[in-house]
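Undergrad: Build out the structure end to end from the sequences listed, making use of the hints.
Number of protein chains: 2
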Amino acid sequence: MHMNIAVLGTGMVGRALANRLAELGHHVAIGTRNVDATLSHTAKGSMGLEPFKDWIEAQDNVRLATYKKAAVSSDLIVNAVAGMHSISALESIGARDLAGKVLLDLAIPLDLSNGIPPTLVISNDDSLGEQIQRAFPKTRVVKALHTVYYQVMIHPELVPGNHTIFMGGNDAEAKQVVRSVIASFGWPDESIIDLGDITTARATEMYSRLFFALYGKFGTFNFNINVTRATK
Amino acid sequence: MHMNIAVLGTGMVGRALANRLAELGHHVAIGTRNVDATLSHTAKGSMGLEPFKDWIEAQDNVRLATYKKAAVSSDLIVNAVAGMHSISALESIGARDLAGKVLLDLAIPLDLSNGIPPTLVISNDDSLGEQIQRAFPKTRVVKALHTVYYQVMIHPELVPGNHTIFMGGNDAEAKQVVRSVIASFGWPDESIIDLGDITTARATEMYSRLFFALYGKFGTFNFNINVTRATK
Chain A
241 MHMNIAVLGT
251 GMVGRALANR
261 LAELGHHVAI
271 GTRNVDATLS
281 HTAKGSMGLE
291 PFKDWIEAQD
301 NVRLATYKKA
311 AVSSDLIVNA
321 VAGMHSISAL
331 ESIGARDLAG
341 KVLLDLAIPL
351 DLSNGIPPTL
361 VISNDDSLGE
371 QIQRAFPKTR
381 VVKALHTVYY
391 QVMIHPELVP
401 GNHTIFMGGN
411 DAEAKQVVRS
421 VIASFGWPDE
431 SIIDLGDITT
441 ARATEMYSRL
451 FFALYGKFGT
461 FNFNINVTRA
471 TK
Chain B
241 MHMNIAVLGT
251 GMVGRALANR
261 LAELGHHVAI
271 GTRNVDATLS
281 HTAKGSMGLE
291 PFKDWIEAQD
301 NVRLATYKKA
311 AVSSDLIVNA
321 VAGMHSISAL
331 ESIGARDLAG
341 KVLLDLAIPL
351 DLSNGIPPTL
361 VISNDDSLGE
371 QIQRAFPKTR
381 VVKALHTVYY
391 QVMIHPELVP
401 GNHTIFMGGN
411 DAEAKQVVRS
421 VIASFGWPDE
431 SIIDLGDITT
441 ARATEMYSRL
451 FFALYGKFGT
461 FNFNINVTRA
471 TK
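As they're listed, the protein sequences go chains A and B.
Counting along the first sequence from 1, when you hit position 120 you're at 360 in our numbering, and nothing is skipped either side.
Counting along the second sequence from 1, when you hit position 117 you're at 357 in our numbering, and nothing is skipped either side.
Simulated from the structure, these hints should not be mistaken for laboratory data.
Cβ coordinates follow ideal geometry from the N, Cα and C atoms, glycine included.
Hints are supplied without guarantee of correctness; some may be wrong.
[Claimed, not checked] Quick list of simulated restraints, FRET-style, between CB atoms:
(1) A:Asn-402 / B:Lys-284: 38 to 46 Å
(2) A:Ser-280 / B:Thr-460: 34 to 42 Å
(3) B:Ala-283 / A:Asp-351: 42 to 50 Å
(4) A:Asp-315 / B:Gly-459: 31 to 39 Å
(5) A:Ser-420 / B:Phe-458: 17 to 25 Å
(6) B:Gly-355 / A:Ala-339: 28 to 36 Å
(7) A:Phe-458 / B:Asp-276: 44 to 52 Å
(8) A:Asn-402 / B:Asp-366: 32 to 40 Å
(9) A:Asn-301 / B:Leu-352: 48 to 56 Å
[Claimed, not checked] Covered stretches of chain B, as calculated for chain A (at least 3 residues, CB under 8 Å):
(10) 243 to 252
(11) 353 to 360
(12) 393 to 401
(13) 436 to 449
(14) 453 to 463
[Said to hold, decoys possible] Calculated lysine to aspartate or glutamate pairs in the DMTMM-like style (CA-CA distance at most 25 Å, straight line):
(15) A:Lys-457 / A:Asp-365
(16) A:Lys-378 / A:Glu-331
(17) A:Lys-457 / B:Glu-413
(18) A:Lys-457 / B:Asp-434
(19) B:Lys-378 / B:Asp-351
(20) A:Lys-457 / B:Asp-351
(21) A:Lys-457 / B:Asp-366
(22) B:Lys-308 / B:Asp-276
(23) B:Lys-457 / A:Asp-437
(24) B:Lys-457 / A:Asp-434
(25) B:Lys-457 / A:Glu-297
(26) A:Lys-309 / A:Asp-365
(27) B:Lys-284 / B:Asp-300
(28) A:Lys-457 / B:Asp-276
(29) B:Lys-457 / B:Asp-351
(30) A:Lys-457 / B:Asp-429
(31) B:Lys-457 / A:Glu-430
(32) A:Lys-457 / B:Asp-411
(33) B:Lys-457 / A:Glu-263
(34) A:Lys-378 / A:Asp-411
(35) A:Lys-457 / B:Glu-430
(36) B:Lys-457 / A:Glu-331
(37) A:Lys-341 / A:Asp-429
(38) B:Lys-457 / A:Asp-300
(39) B:Lys-457 / A:Asp-351
TA: Structure, rendered in structure tokens:
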């Protein structure tokens, strides 16, 4: 089923998700705080990211809009804004326009000010997923995909063998929508583990420390974990 | 190679480790704060744990001693004291008697006062493993085994297929000792991932939240994760 999807965030992760969703036939609006400012940058970004204007000119089925305009006409919103700025981006849309929407939150509240591995701004007794759900109680927040590198999110075949992707959220119907999107990226149904309600975002956000430790060990982001258990 | 091993902690985890290490031919002292008090409890403990006196009478090659006496004559110390009491148990041994010793720390600083899933008393910018290493700088601390249920630590075959066990610490020789103990429990060498120095204890201790989320999902502790990656 093709949807109108708003991808919030014009960085590496937002671009990759927007491109992949458009490739799968969805109508995608990529959202930013300030359209003119986003189009005016001509220098490469960090890690050689090409200027946004060059990137979007090469896209089919992706249009640029403000966070709010992108979100209003969408069936699904994907939060790919950096964790520390996610709430502020969502506030610019406003609770009224976010009410009832399915929000796939894949941000992690990383504090990268001391480099890699980062610490978390929120953890242990709270999570970004929960903060978003509390700030927008009528929005149907699903935390998912954030336990793997952004390329692995949309191309799970980059990692060999069976491996797991997690989701959590309070709304069963919203989780069904997100599950179908995850499946469309290439994740087998049995690889998707629904951990439960949105408080499980603590578990998956806190996993990020192990994620970065494994990156430090391997020197590649193309890895993941597979949950295996006795079924008796 | 058979060693003199001190297992600190007389709870479920300490007992299981002591029993398994004795079964493997080591000489094991199980350490407690107060020997008389430990032997005097006649009621069952939480989760039906049998009185310690009954348990130890059935053991071969495990003797009861104070933390200090157990540690002094050991080649390897296993910390199986509850995370919140670990430093205090180690202080009762003292830095001088701990100097040079290999300490396998498998405790997690869980705050179980609000039940399961627990939060962590230490996390994000510090870890119990690091606190122990800082408190006893001449002790060779290796954080390992704490990412799985205590039965899985000593019987990895309880979980089907390939799955991973982590270690971290500053001393290569100490990690070699711990690696050989882990291998003797049945972990294939390729399943053991040395994440690096003791700061990686943050990663593996913070993983505990996902561990408890998975327990909440499955209703069994007999599970684990397998790290899988592109090898090029």
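Undergrad: It remains to establish, for every hint, whether it holds in the given structure.
TA: Checked hints:
1. A:Asn-402 / B:Lys-284: 38 to 46 Å: Holds: the Cβ-Cβ distance is about 41 Å, inside 38 to 46 Å.
2. A:Ser-280 / B:Thr-460: 34 to 42 Å: Because 55 Å falls outside the window, the suggested range is violated.
3. B:Ala-283 / A:Asp-351: 42 to 50 Å: holds, 47 Å
4. A:Asp-315 / B:Gly-459: 31 to 39 Å: holds, 35 Å
5. A:Ser-420 / B:Phe-458: 17 to 25 Å: holds, 24 Å
6. B:Gly-355 / A:Ala-339: 28 to 36 Å: Once the Cβ atoms are compared, 33 Å apart, the range 28 to 36 Å for Ala-339 of chain A and Gly-355 of chain B holds.
7. A:Phe-458 / B:Asp-276: 44 to 52 Å: holds, 50 Å
8. A:Asn-402 / B:Asp-366: 32 to 40 Å: This hint holds: roughly 34 Å between Cβ atoms.
9. A:Asn-301 / B:Leu-352: 48 to 56 Å: holds, 50 Å
10. 243 to 252: Since 0 is below three, the answer is violated.
11. 353 to 360: holds (count 3)
12. 393 to 401: holds (count 4)
13. 436 to 449: holds (count 8)
14. 453 to 463: It holds, with 8 qualifying residues against the three required.
15. A:Lys-457 / A:Asp-365: violated, 28 Å
16. A:Lys-378 / A:Glu-331: At roughly 13 Å apart (the allowed maximum being 25 Å), Glu-331 of chain A and Lys-378 of chain A satisfy the hint.
17. A:Lys-457 / B:Glu-413: Answer holds: Lys-457 of chain A to Glu-413 of chain B is near 19 Å, not above 25 Å.
18. A:Lys-457 / B:Asp-434: holds, 8 Å
19. B:Lys-378 / B:Asp-351: Measuring from Cα to Cα gives roughly 28 Å; hence the hint is violated.
20. A:Lys-457 / B:Asp-351: violated, 29 Å
21. A:Lys-457 / B:Asp-366: holds, 19 Å
22. B:Lys-308 / B:Asp-276: Between Lys-308 of chain B and Asp-276 of chain B the Cα gap is close to 15 Å, so the pair holds against 25 Å.
23. B:Lys-457 / A:Asp-437: Answer holds: Lys-457 of chain B to Asp-437 of chain A is near 11 Å, not above 25 Å.
24. B:Lys-457 / A:Asp-434: Distance ~8 Å between Lys-457 of chain B and Asp-434 of chain A Cα, so the pair holds.
25. B:Lys-457 / A:Glu-297: violated, 45 Å
26. A:Lys-309 / A:Asp-365: Measuring from Cα to Cα gives roughly 34 Å; hence the hint is violated.
27. B:Lys-284 / B:Asp-300: This hinted pair holds, its Cα atoms lying about 22 Å apart.
28. A:Lys-457 / B:Asp-276: Roughly 46 Å separates the two Cα atoms, so the pair is violated.
29. B:Lys-457 / B:Asp-351: holds, 20 Å
30. A:Lys-457 / B:Asp-429: The hint holds at about 16 Å.
31. B:Lys-457 / A:Glu-430: Status holds; Cα separation ~14 Å.
32. A:Lys-457 / B:Asp-411: holds, 17 Å
33. B:Lys-457 / A:Glu-263: violated, 34 Å
34. A:Lys-378 / A:Asp-411: Holds: Lys-378 of chain A and Asp-411 of chain A sit about 10 Å apart, inside 25 Å.
35. A:Lys-457 / B:Glu-430: This hinted pair holds, its Cα atoms lying about 14 Å apart.
36. B:Lys-457 / A:Glu-331: violated, 33 Å
37. A:Lys-341 / A:Asp-429: Answer holds: Lys-341 of chain A to Asp-429 of chain A is near 24 Å, not above 25 Å.
38. B:Lys-457 / A:Asp-300: Outside the cut-off at roughly 40 Å; violated.
39. B:Lys-457 / A:Asp-351: Not satisfied, since the Cα-Cα distance of roughly 29 Å exceeds 25 Å.
When the structure is compared with the earlier hints, violations turn up for hints 2, 10, 15, 19, 20, 25, 26, 28, 33, 36, 38, 39 and for no others.
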